[in-house]
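**Student:** So you can see what is in the structure, the chains are spelled out below.
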Amino acid sequence: MATGTRVQNHKMEFTAKEDPFGDIRSKGAKRWIIAHIFHGTNKFFVLIIFFGTILTSILNSALMVIIGVAIDEFMAGMGDRLFQYVVVIFIIGVGSPFLNLVNNLLRETLAQRMERDTRQEFYTNLLGKSQSFHDQQKIGDIMARTTNDVRMLNFLISPALSLIFESFSALVIPILFIFLFYPTELLLAPLVFTVLFVITLRSYIRKLGPVAARLRGEFGQMNAILNETLSGIEVVKGSSNEEYESKKYLKNAQLFRNAFVEQGYIMARYLPLLLIAFAVTFGLGHAIFLNLQGVPSMEIGQIIAYVGLLGNLRFPTFISIWVFSIVRLAISGSERLLEVMNTESDIDENIQGRTAEIVGGISFRNVTFSYPGSSQPVLHNIGFEVQPGQTVAIVGTTGAGKTTLTKLISRLYDVIEGQVLIDGVDVKDYHLESLRSQISYIEQDVFLFSSSVFENISFGKTGSIDQVIKVAKEAQAHDFISKFPKGYYTEVGERGVQLSGGERQRVAIARAFLADPKILILDDSTSAIDSETEDKIQYAISNILKGRTTFLITHRLSQIRWADLILVMKRGTIIAQGTHEELIKTSEEYRKIFVKRFDLREEQLLKEMGVT
Amino acid sequence: MGFGLGLGSEEYDRIYRDRDLVRRIVSYFVDHKLQMSVVIIFLTLTSFVNSLSPLLSREAINELESTRDWSYLLLLILLTFTLNGFGWIFNYFRQRNSSLVIGDVVLKLRQDVNAAVLNHDLSFYDKYPTGKIVSRINTDSQDFGQTAELSMQLISSFLIVFVVLGVLLTINIPLTITVLGMVPFIFIIALAFRKVARKRTLEGQRALATVNSFVQETVSGISIAKTFRQEQKLYNKFNGVNEQSYRANLRRAYVFNFVFPALSIVQGIALVLIMWIGGEGALGGQLKAGDFYLFLQSLWLFFFPLLSIASFWPSFQAGLAASERIFALVDTPPTVLQDEDLVLEKIRGKIEFMNLGFSYVVSADVLDRGKQDILPEIARAKVFSNFSLKINSGESLAIVGHTGAGKSSLAKLLARFYEFQDGDITIDGISIRNFNLKFYRKHIGIIPQTPFLWADTLENNIKYSKPSATKEEVLWALEQAGGADWVDDLPNGLETNIRERGTLLSMGQRQLVVFARTLLENPSILILDEATASVDPFTETRIQEALEKTIKGRTSIIIAHRLWTVRHVDRIIVLDHGKIVEEGNHDELIQLKGHYAKLYDTYFRHQSLEYIEKAKEFVTTVKEGN
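So the sequence lines, in the order shown, correspond to chains L and U.
Here this note's numbering is used: the first residue of the first sequence is 1, the next is one more, and so on.
Here this note's numbering is used: the first residue of the second sequence is 1, the next is one more, and so on.
Honestly, the hints are just simulated from the structure, not real lab data.
These figures come from a predicted structure and were not determined experimentally.
Beta carbons: idealized from backbone N, C-alpha and C, even for Gly.
Just so you know, not all the hints are guaranteed correct.
What the hints assert, rightly or not - To give an idea of the interface, some chain L residues facing chain U are shown, with a C-beta separation under 8 Å as derived from the structure:
{"id": "1", "residue": "G22"}
{"id": "2", "residue": "S26"}
{"id": "3", "residue": "K30"}
{"id": "4", "residue": "I34"}
{"id": "5", "residue": "I37"}
{"id": "6", "residue": "G40"}
{"id": "7", "residue": "N42"}
{"id": "8", "residue": "F45"}
{"id": "9", "residue": "I139"}
{"id": "10", "residue": "M222"}
{"id": "11", "residue": "S246"}
{"id": "12", "residue": "Y265"}
{"id": "13", "residue": "S437"}
{"id": "14", "residue": "F449"}
{"id": "15", "residue": "F454"}
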């Protein structure tokens, strides 16, 4: 196997051990496809298929020549070699299908390999893209690319590539035979045809190009729309908007249909079909003319064989309509794949980076951030210092930038200005793997994969069932999990429907426990109504704060109250920071949180809190 | 390496007989009578031209053997030219029209299956991954279209066969019989492959759908993979799924590739026989050279369509398998079925649950309500049995209770997202099964627990239930839902595209948007499944105020996850395991000192200053302990 070179020209958060196509991806779809076709052992397949096809073609043409000679002999009344002819024809007629079989099996293997390898390459690339890239993608379109566009590359090999070989040999070999066995002037029809064929075919392929691109594009769009609609089906139904969604889909399906029909129109105008018919007829006329002239080698049998050879040209002509539309679609599909793969990702794996164990001191220095593609800063000039092991609570109105701030720590996004430092080292200088594996994140909208509870908990770090049970207990999740019919092996539905928000959160806490990070970010937003759940969540959260630096985005006043540092945020800036004791005295905004919650006047609050 | 992502079929899959499938497919084409007639006419004409050409050549060759009349030969050649010209023109019209027909049929098929899928109730979506359904609707219909196109081309080749066969019979009977004698072998071979081919194709398609589904899920959860740095794990898992698809599709391809060579061998044998018998005939003087030529040519004409069928067999089978998968989706009956189609002037909003019985049925039997009674009674977890509750018009009702008490289920049943098994639910005295569903749901405003937003502008998201709304109304709704000031912080204000699922917005903002969306709809009945995710105290107060305004004058059901909300409602019910255990307004229930009072106490304990101050011990003991 070829040893892969790491991608040099692109930043990636993840790369497979081998990536032999890293350099070629920026060089266009055609070169990328070719590189894949000739990659590793694939090239031997291609060679065998190529020569196998040529051999089949030679056999088929030879068959025609032999038949021509035989008929002439029969017509002349010479029958002694009848049996020999029959045997030869039998050997060729039955032998070439076997050759064909071997060829086909090789072709299929190559085709499926292409599909598998390109899909893997594409998926690996997706994994390597930064979060800001993924934010901007539509899942349905990505799916269309990974399944359908990739599949076009399968079709490119089977049948297209082998048909191209067949067409090539079916074009060249009969002409070669005509050249070898018949008067040179009989080359007139096939050669003129070939020239015209190549010219018209080129224009055909050119015309197909834009249509093929549209076909693939519209398909992706159609997939994206449908995927979104089905994901939000509850809202669709709740608003009685099935018809609207149906129309939206139909509009896209209609665009796809239009592209399809246009492709059909281009195919209908395919001129070579007319050319080949004319060429064969002309060839027949030409041969008859030579026969009438009394050219010695143009017996009737020869005419039959010659026209038979010309007839062999029909195959490449017919099949090209179809083959080249596949080729065009495969190129368009590849362009769509490369479009994604070549999108500049902004965060790099940084293999040479720092891998030391994190202690947990964090500082933000004049950090400004805006999401890619937007000039509106979400965070302005953020600065604060956190000591190892401290708990930081972030409070503020919705949309103030609380969640965004925490995402800069694990480099889900990179700052625009300023620096984020962990233990005094810029996060950009860490090895991404090392950095992220020491930071855990319990997100607001807990995402669970549709696999078992066990697998979901051990997602961050593989653990034995005993370890998983242990962390689930610490996360107060063991009780409800053991009530499930299959306990830890219960499958969580695709949309996590079987678990309530509080339960999902505790699964996520267990997941974080197992990963045992140095830095934890907990975007806590659940609010449970019943005391039991509330106590459990409180307990679980308090439990996980132990021995690590923690950022809490929370509305639980009890958590805020006792944090070591509280950041009060408003519209992307920190308007106040400090401990509860400090803030309650100094920050109007901070006091408001408590005032609002307890329906108290400020003086009362201060009094109740023992602040004078 | 299964990874538990097997290639099993879905519960809604059905087996169709080929005949039924074909009939069903044909019915789609019948809708385009005019275009289909054009296709058929030109198809026939093209076939005639194609089969006449070799006949003319034969005539010319025979002429060479006899009188060798130069002008007659020239005439024949010119005739062939003209014929070919016409052939191309005929084919041109055929191709154009068949593209149109296929484009339209696939479109119709997509429309049908999409409509059928949208008609399904939520139990369907709970069970089947979106990725797989999407793959069925788009990819399978694509496969179907390809097959239809090939089939049309094949029909033309078949017509040629019959024309040629007729001519052959008049020339030489033994040779014709020899050619015909090959036909049964061809069919035997093709049919022998049919079953296994279909099976392998289905497996291949399923494997691909699994890949699709896997990609969909992991891309949705990519940020988790990133934060936990688990790309390698996903990568390995993906390789498993991808490899599985590779193997399944390779097996399929191998099966198909035995067909073509097998048939080629039959063709080879036919050639040998023609040479042999024809050779004898020619030696005996019964066969002219032109006839010999015709037989050899017609062997090609004859075998071409058959071989094409064989080599396109994969696509053909893929097409049938695809249509089977599509029709299975179309034919699965939705469980939520309306008995009548009532549309009222207005819904006043009196709701009554009468002896309601409901369980989330977990197997295929959910697919057919009519079959309920003939199915063996399986012990199922009943969410409700014999549940009764009356809600007056204009009343606001809050439902509280533990997780799993059935709060959300009640709302979902009322919204007609799921079908109930026993009893009835009525609105203004009419069973909700009797309403026109569109009308009904228009009058019920639902705020779901998890806010779902579209990859569209903020404005369009708010207008989703009422597309005719003006910008002023949108701003009004936002204002009602706690204020629109935050909109100014978005890059393009109301015109900002908030991305798939509204990921550009914070969770709290998403809740505000959903709230505004429902306010704009102005429903007669409001169902608020409070989000478990809380918003910050500032926003919370704003929503609270908005809510109080909203519930005035309309029947409202609030599934409370936070007791903050319920103090101002007319009536509160406490639900436990599908039963009402307490009922009354806030003050009454506090007096009662039962479940509610306990819940409220503990809730407020958590919210009280005292608790918060005490939490220090709680937090710090845990933190520093052990």
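**Student:** Does each hint fit the structure? Answer for all of them.
**Tutor:** Now for the hints, and whether the structure bears them out:
no., hint, in the structure
1, G22, "violated (16 Å)"
2, S26, "violated (22 Å)"
3, K30, "violated (24 Å)"
4, I34, "violated (21 Å)"
5, I37, "violated (17 Å)"
6, G40, "violated (15 Å)"
7, N42, "violated (14 Å)"
8, F45, "violated (13 Å)"
9, I139, "holds (5 Å)"
10, M222, "holds (6 Å)"
11, S246, "holds (6 Å)"
12, Y265, "holds (6 Å)"
13, S437, "holds (5 Å)"
14, F449, "holds (6 Å)"
15, F454, "violated (11 Å)"
Of the numbered hints stated above, those contradicted by the structure are hints 1, 2, 3, 4, 5, 6, 7, 8, 15, listed in ascending order.
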